[in-house]
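Add chain B to chain A, keeping to what the hints say.
So the sequence lines, in the order shown, correspond to chains A and B. Position 94 (the first sequence) corresponds to 94 in my numbering; numbering is contiguous. Position 17 (the second sequence) corresponds to 170 in my numbering; numbering is contiguous.
Some clues are possibly wrong.
What the hints assert, rightly or not - Chain B stretches covered by chain A per the calculated footprint, using a threshold of three residues with CB under 8 angstroms from any CB of chain A:
#1 159-167
#2 194-207
#3 241-252
Claimed, not checked - Have a look at the derived ranges for each label pair, beta carbon to beta carbon:
#4 G235(B) / H121(A): 19 to 27 angstroms
#5 S150(A) / D239(B): 24 to 32 angstroms
#6 D101(A) / D180(B): 26 to 34 angstroms
#7 G169(B) / L99(A): 21 to 29 angstroms
#8 G213(B) / R123(A): 25 to 33 angstroms
#9 P230(B) / T95(A): 28 to 36 angstroms
#10 L173(B) / Q115(A): 28 to 36 angstroms
#11 G235(B) / D142(A): 41 to 49 angstroms
For the record, the hints were derived by calculation from the structure and aren't laboratory data. Backbone N, C-alpha and C fix where the C-beta goes; we use that ideal spot for every residue, glycine too.
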Amino acid sequence: MQSPGLRAPLLPPWAALWYEAGDMATPPLRRILFVEDDPDIQVVAALALEAVGGLSVLVCGSGAEALSRLTEFGPDLVLLDVMMPGMDGPTMLETLRRLPDARELPVVFMTARVQSHEVAHYRELGAAEVIAKPFDPMTLADTVQSIWRSLHA
Amino acid sequence: MERDAGAEELRRYFAGRLPLRLDELEDACREARAAGWRGTPLRTFHRLAHSLAGAGAIFGFPEVSDLARRLERHLKPVLENGAPADEAEVATLLADLRQAVGV
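Extracted from the complex, chain A is given alone in its bound form (with noise of 0.2 angstroms):
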């Protein structure tokens, strides 16, 4: 039985299986897709991740390459940016969201546009949530991890 409380859309496919068993608890947050054109920050997101949140992320440098390795890799939550070359972030999440697989991924915006009518901009087209640039690589894990629990209240 779903929980009253509980946003089924934002929720991966499998979290009804886990619901049903009983467990109210939230989920594990294992596998994130990070989705990043910048070769450092990939690089700076991607420690932060594993090696301080210890959680198993996939980098892809455009959104193309992280359409084709989506199934593949099966994440949990994506982390997007916004401005990139080719398919931008808002132009990725619109095509995610006709996908049956991904229709119901959370994916967070990461970019340093966040004034308030741009945020809400990112809301409108279905973002879980916006981390803004530049973020604290010692405190990043923790951040998605505290998206990840809040998508679950």
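Positioned in the frame of chain A, the structure of chain B alone reads:
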């Protein structure tokens, strides 16, 4: 203490990367100028300035980040509205970036 050591390690990593990133930015500037400050070369130049601004802030290089952000903002109306690029301003910002990086 561990946190400080981690931050310092990240700073060293990025300090080693900065000369290469500046070379990349200057190459992109040359290509944008050669293309008449239009099209893909200009978009690439703007994106690299944007990326350097973001990365500089994350890795603890506020001066680099600030100069790159100023460059990004200068290029934005050129990119979006076809406004004329102030080549002297672009050159000054790139020179200031070189000085900030110390190469």
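Outcome of the hint check:
1. 159-167: holds (count 5)
2. 194-207: holds (count 7)
3. 241-252: Three-residue rule not met by the segment 241-252 of chain B, so violated; n is 0.
4. G235(B) / H121(A): 19 to 27 angstroms: Roughly 25 angstroms apart at Cβ, these two residues keep to the hinted range, so it holds.
5. S150(A) / D239(B): 24 to 32 angstroms: About 45 angstroms separates the Cβ atoms of S150(A) and D239(B), which means 24 to 32 angstroms is violated.
6. D101(A) / D180(B): 26 to 34 angstroms: 40 angstroms Cβ-Cβ, so the 26 to 34 angstroms window is violated.
7. G169(B) / L99(A): 21 to 29 angstroms: violated (39 angstroms)
8. G213(B) / R123(A): 25 to 33 angstroms: Given about 30 angstroms between the Cβ atoms, the range holds.
9. P230(B) / T95(A): 28 to 36 angstroms: Cβ of P230(B) to Cβ of T95(A): about 29 angstroms, so the range 28 to 36 angstroms holds.
10. L173(B) / Q115(A): 28 to 36 angstroms: Given range 28 to 36 angstroms: holds, Cβ gap about 32 angstroms.
11. G235(B) / D142(A): 41 to 49 angstroms: For G235(B) and D142(A) the Cβ distance comes to about 44 angstroms; the hint holds.
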